[in-house]
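Here the protein sequences come in this chain order: S and W. So the first sequence is numbered by our numbering: it starts at 6 and just counts up by one. So the second sequence is numbered by our numbering: it starts at 9 and just counts up by one.
To be clear, the hints were calculated from the coordinates, so they are not data collected in a lab. Watch out, some of these pointers could steer you wrong.
[Said to hold, decoys possible] For the chain W half of the interface with chain S, some residues (derived, Cβ under 7 Å), not all of them: (1) Glu89; (2) Asp93; (3) Glu97; (4) Arg202; (5) Asn203; (6) Ser206; (7) Gln329; (8) Ser376; (9) Phe377.
[Stated by the list, open to error] What the simulated footprint calls covered on chain W by chain S, stretch by stretch (three residues with Cβ under 8 Å from a Cβ of chain S suffice, anywhere in the stretch; the number is not a length): (10) 319-328; (11) 378-391.
For each residue, glycine too, the CB sits at the ideal point set by N, CA and C.
Here are the chains, one letter per residue:
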Amino acid sequence: MRDLLLELGTRPAARRLVARLGLPVPLPVRLNRARGPWEAQPLVDQFIAVGAAGPSRLGAILARTIARAGAAAVISDSASEDAEVFREMGRAYGRPATTVPVAGPSHGFRVDALVFDATELDGPTGLRAAYDFFHPLLSSLRSSGRVVVLGRPPAEATVTEQAAARGALDGFTRSVAKEIGRRGSTANLVQVAAGAEGHLEPVLRFLLSPRSAFVSAQSLMVGVGLPAVSDPPLVRPLGGKVALVTGAARGIGRAIAERLAGEGAHVICLDRPADDTAGGQVARALDGSFLPVDIGGDGAPAAIAAHLRERHGGVDVVVHNAGITRDKTLARMSEEQWDDTLGINLRAPLRIDQALLEGGLLRDGGRVVCLASVAGIAGNHGQTNYAASKAGIAAYVRRRAGELAARGITVNAVAPGLIETRMSAAMPALVREAARRLSALGQGGLPADVAEVVTFLSTPGAAGVSGAVLRVCGGALIGA
Amino acid sequence: MRNGARAPHGRRAVVVGGVRTPFVKAFAELMKLDTIALGAAAMRGLLERYPIARRDIDAVVWSGVILPSIWPNIGREIALEIGLDPAIEAMTVTRACASSLQAVTTAAAMIERGEADVVIAGGSDSTSNAEVKLPQKLVHAAAPLMFGKRTPGDVLGALSKLMPLGELLPRAPKVVERTTGKLMGEAAEDMARRNEISRAEQDRFALRSHQRAAAAIASGRLAREVAPVAVRGSGEDEGEARWVHTDTIVRADTSLEKLARLKPAFARGAAGTVTAGNSSPLTDGAAAVLLMSEEKASALGVVALARVAAWSYVGVDPADQLLIGPALAMPRVLDESGRDLGDIDLVDMHEAFAAQVLSVLRALESGSFARERLGRARPVGIVDPARLNVHGGSLAFGHPFAATGARMVTTMAHELHESGKEAALLGICAQGGLGAAALLENAAS
Chain S
6 MRDLLLELGT RPAARRLVAR LGLPVPLPVR LNRARGPWEA QPLVDQFIAV GAAGPSRLGA
66 ILARTIARAG AAAVISDSAS EDAEVFREMG RAYGRPATTV PVAGPSHGFR VDALVFDATE
126 LDGPTGLRAA YDFFHPLLSS LRSSGRVVVL GRPPAEATVT EQAAARGALD GFTRSVAKEI
186 GRRGSTANLV QVAAGAEGHL EPVLRFLLSP RSAFVSAQSL MVGVGLPAVS DPPLVRPLGG
246 KVALVTGAAR GIGRAIAERL AGEGAHVICL DRPADDTAGG QVARALDGSF LPVDIGGDGA
306 PAAIAAHLRE RHGGVDVVVH NAGITRDKTL ARMSEEQWDD TLGINLRAPL RIDQALLEGG
366 LLRDGGRVVC LASVAGIAGN HGQTNYAASK AGIAAYVRRR AGELAARGIT VNAVAPGLIE
426 TRMSAAMPAL VREAARRLSA LGQGGLPADV AEVVTFLSTP GAAGVSGAVL RVCGGALIGA
Chain W
9 MRNGARAPHG RRAVVVGGVR TPFVKAFAEL MKLDTIALGA AAMRGLLERY PIARRDIDAV
69 VWSGVILPSI WPNIGREIAL EIGLDPAIEA MTVTRACASS LQAVTTAAAM IERGEADVVI
129 AGGSDSTSNA EVKLPQKLVH AAAPLMFGKR TPGDVLGALS KLMPLGELLP RAPKVVERTT
189 GKLMGEAAED MARRNEISRA EQDRFALRSH QRAAAAIASG RLAREVAPVA VRGSGEDEGE
249 ARWVHTDTIV RADTSLEKLA RLKPAFARGA AGTVTAGNSS PLTDGAAAVL LMSEEKASAL
309 GVVALARVAA WSYVGVDPAD QLLIGPALAM PRVLDESGRD LGDIDLVDMH EAFAAQVLSV
369 LRALESGSFA RERLGRARPV GIVDPARLNV HGGSLAFGHP FAATGARMVT TMAHELHESG
429 KEAALLGICA QGGLGAAALL ENAAS
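Start from the sequences, fold in the hints, and give me the full structure.
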């Protein structure tokens, strides 16, 4: 689907004209996206400014993450003890840490990302450190830049003041996302549970990289209770894994299948038997296999389980992507419209997972990713059936995550906002236009943006993220 | 890959000698000699200086980087060229700048395994005779004209495929990484910046390399390692041999002032620090090493200089620090031989660029590098400048790609033997993000 404003925005002359005329049209910028498979150094040659509220317990992890990813840390020249860990790690990887004057950067200074460690926040007064860090630096952030704030879950706070301060970071980060979104930059909050620090590096790597281009204004919990994966692979993270993707013939499902295969997985592309031409083509192109099953059918779970058992002996990654919409206001909705939507979107994923678990087919360390929707979070006119199914998915993953944690299996949902697909092309033009512009990034996402997030959640390194509903919405206003 | 240190109860390989041609700047005195002729000169020189019976030779393991495409197994061609018995088998290995170290360690492995008792290893490269490639487009378009019957239509068709003609100009060979498209010098420039190595440090290092190489030549100690090469003229001069006796790149008279005047070669503007003065130049040359099993050496009554005790090859991401490999390979060799850097009397590193050697030294000194990249609790250590490249290195001598490793092995083997010192650690960086290291031990101890 063409986005005229986005195309206009890529032309400097048009941008100048809009500015000259004083039109109230903020032109979105084309997002910087990654191509190809994961790289060992996704942040090569970047400069990442790092600050903290109080002493940084995560300093060593941040320093290591930044240097290993190919970037250099930029630290305040106030030369605290924290600075030394960044200098040392920079030397190990030939990425010397540089300093920025505490009074503020000089003219022309640019950074690719700002990372703020607020995990040691003790109360509302401590929040001032966030102002002090971001205020002088935010205008030095490059376009398509990244802001990551690290906090702790408010529920784990020892005192009330601390809980409030921790919660404050959420609104702070979301607002920063809105302020920097028009330049293609994103801001996200990571809540690191005490003891989950070992899970942090892959999450940071992902959020700082172009692969998270359409994830903004989100808060993501990195939790405990899951066995840590030591030294997860940085490249080809899904080598040797078997992945099942439902609805893989086209759109977002196809993009997911492509990315999973790109990281080394053998992808079983499941779609309706009626789609066997398109599905077969995808499977062949990816060196995967096509599994023609109508997941709404009663025998589907058993058929899928039998296929996985016979051909692969099990499965490592399950992506419940297949979904349908049958929009009608509730008063006018037919029984079929209700039943089909709930059947495909909610009942089928639950039944398939149940069959895989009962059959012992989902391997330890496995990954389940369900496609939810922003509509499920916000509710939508004419989508009582769809929103119900997607909200059901959100609740399902939270519950399942707890049940499977001991086996190292994570269960998450990804909730896309407006993604430019066949489905969104069918929306009324005004609604689509509103949905595009009412987001921090001022544009719709691409199927690949969703696929990158699903892929990340499918990797061994994402072991610390489970039970999450992660929105891929460009910081959409709806349901935020 | 990891290679075991010496076999626990087995045969051991020793270096008994080595000879090389003078190292000469490309497109100069040795231009008329291709890599096979250069290799032949080195191998002939070796057999003249170490008069073993030719029938005792079991194999030749040669190496090259710029290989002639129709005779890539130059080892065999060289052996036949100098009239070795055709029954002596020969192979050619290639591992960029570590090629002839690979030849030496392959030969050592053959000896340890009992495949051979006497092996000639070495390598040669003539940058002057690198094949200038025709663009593939021309080759493909011309193919119908060269093979089978051709019609006028074929000629026109071929011509039309060749437009625009500018793409047909032959391209000069460059030392470019295939995966990153970066020139080697740009990678060195990156490493200088990333490891915070100043221009002055690089120039000081280059100056020392020239001064030590010049001193080594002046002392006469290199004379036994370098065999003069005859270059026959062409046309009227044919038959008149001109002799090239000595290395031509070493500058005894260079100074920090002279080096400081050179412009950065790879980075535009004042930011660059890598110059022609602190980089190794394109060079023509060859070097040969004679290896034997310990038993054979004593049976023949030949003096063994040094044992090839351990070696290791590593790979790093070429997109990261292309030439940092020795910082990983050298500690491995230390671990495998159960030694600390402090036990090492001599360290000899290939000097592709001063910036690269200094980057590797900095990594070896770093505690965080040791922890993060080597899994060691403590830094590998500081290489004492008095033990490092005691007779200069590639910055001064030049760097015929596949001759450098054999030059280093020869010089270090002699140095161990003469000084009575115990151990020498060699380190070489190579294109493709490869690193190589080897440990030589005094054969008498």
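So, going through the hints one by one against the coordinates:
1. Because the beta carbon of glutamate 89 of chain W sits about 44 Å from the nearest beta carbon in chain S, more than 7 Å, this interface hint is broken.
2. Residue-level restraint check for aspartate 93 of chain W is violated (minimum Cβ-Cβ distance to chain S is 49 Å; threshold 7 Å).
3. Restraint check, glutamate 97 of chain W versus chain S: the minimum CB separation of about 39 Å is more than 7 Å; hint violated.
4. Given hint, arginine 202 of chain W at the interface with chain S, holds; its Cβ is 4 Å from that chain's nearest Cβ, closer than 7 Å.
5. The beta carbon of asparagine 203 of chain W comes within 5 Å of a beta carbon in chain S, closer than 7 Å, and the hint placing it at the interface holds.
6. Given the 7 Å rule on beta carbons, the hint for serine 206 of chain W is violated: about 13 Å separates it from the nearest Cβ of chain S.
7. Hint status for glutamine 329 of chain W: holds, given a least beta-carbon distance of 5 Å to chain S, under 7 Å.
8. With a cut of 7 Å, the hint placing serine 376 of chain W at the interface with chain S holds, because the nearest CB-to-CB distance is about 4 Å.
9. With its C-beta approaching chain S no nearer than about 4 Å, phenylalanine 377 of chain W sits inside the 7 Å limit, and its interface hint holds.
10. Counting residues of the stretch 319-328 of chain W whose beta carbon lies closer than 8 Å to any beta carbon of chain S gives 3, which meets the minimum of three for the stated coverage.
11. Judged by the Cβ-Cβ criterion of 8 Å, the stretch 378-391 of chain W is covered by chain S as claimed, because 3 of its residues qualify and three suffice.
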